[in-house]
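Student: Each chain, written out:
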Amino acid sequence: ILNVEQSPQSLHVQEGDSTNFTCSFPSSNFYALHWYRWETAKSPEALFVMTLNGDEKKKGRISATLNTKEGYSYLYIKGSQPEDSATYLCALYNQGGKLIFGQGTELSVKP
Amino acid sequence: EAGVTQSPTHLIKTRGQQATLRCSPISGHTSVYWYQQALGLGLQFLLWYDEGEERNRGNFPPRFSGRQFPNYSSELNVNALELEDSALYLCASSLGLAASSYEQYFGPGTRLTVT
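Residue numbers (the numbering used here), protein chains in the order written: chain A, 1 to 111; chain B, 1001 to 1115.
Please keep in mind that the hints were generated in silico from the structure rather than gathered at the bench.
Possibly wrong hints are sitting among the right ones.
What the hints assert, rightly or not - If you want the footprint, here are the derived chain A segments under chain B, 3+ residues with CB under 8 Å:
no., stretch
1, 22-34
2, 46-54
3, 78-85
4, 96-105
Every value quoted in this text rests on a predicted model; they were computed, and no experiment measured them.
Each residue gets a CB set at the ideal place from its N, CA and C atoms; glycine is no exception.
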């Protein structure tokens, strides 16, 4: 059974700080790893889909890496802005159309 | 391009009643997924429909059922509501089996409250 752990559970940073979160998983028995950004009362927004060991994706100030051999993915935000405040979700795509989600990391960026 | 839409935004029901939640996928998407986020828990997979067929279901009782219509929109039905069914229900869509796509696009959710 795939289990997805995210840490930390919450994070409070100042505007301009760079930060990173971890998504860890005990097995590489999945097809893809997803990162979503979820603001309150909005739809979760897809950030990245990662499929290969050593995969690295970047979108503006946000980037992500995947290490399937050691069972983790990192999400980095460079120079955090208040609008980055959201819950960041990691999910593994297994078979059967199912995304297995972690509990998320809640980021709060203070101006 | 319109995203995934869900209705209603909020739904209040009494224990024992039935609830119906609706989802319209992104145009061109044939797969629809349903997820539940109960209080204090992460998103849990409920159901997957593709081309009108149920393809997979999560570890939920048969009270949770649904269907997908020819236009690929979907309904989630929850019968004999229990207090613990109070949750946010998210719908997602994707290009589906034929495209072997991993990406799922989410709607804003329906908040179901059972009293």
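Student: Against each hint, give a clear statement of whether it holds in the structure.
Tutor: Against the structure, the hints:
Counting residues of the stretch 22-34 of chain A whose CB falls under 8 Å from any CB of chain B gives 3; the rule of at least 3 is met. Chain B is given as covering the stretch 46-54 of chain A, and this holds because 3 residues of the stretch bring a CB closer than 8 Å to a CB of that chain, at least three being needed. Counting residues of the stretch 78-85 of chain A whose C-beta sits closer than 8 Å to any C-beta of chain B gives 0, which falls short of three, so the coverage hint is violated. Only when three residues or more bring their CB closer than 8 Å to a CB of chain B does the claim for the stretch 96-105 of chain A stand; here the count is 9, and the claim holds.
Consistency with the previously given hints fails for number 3 only.
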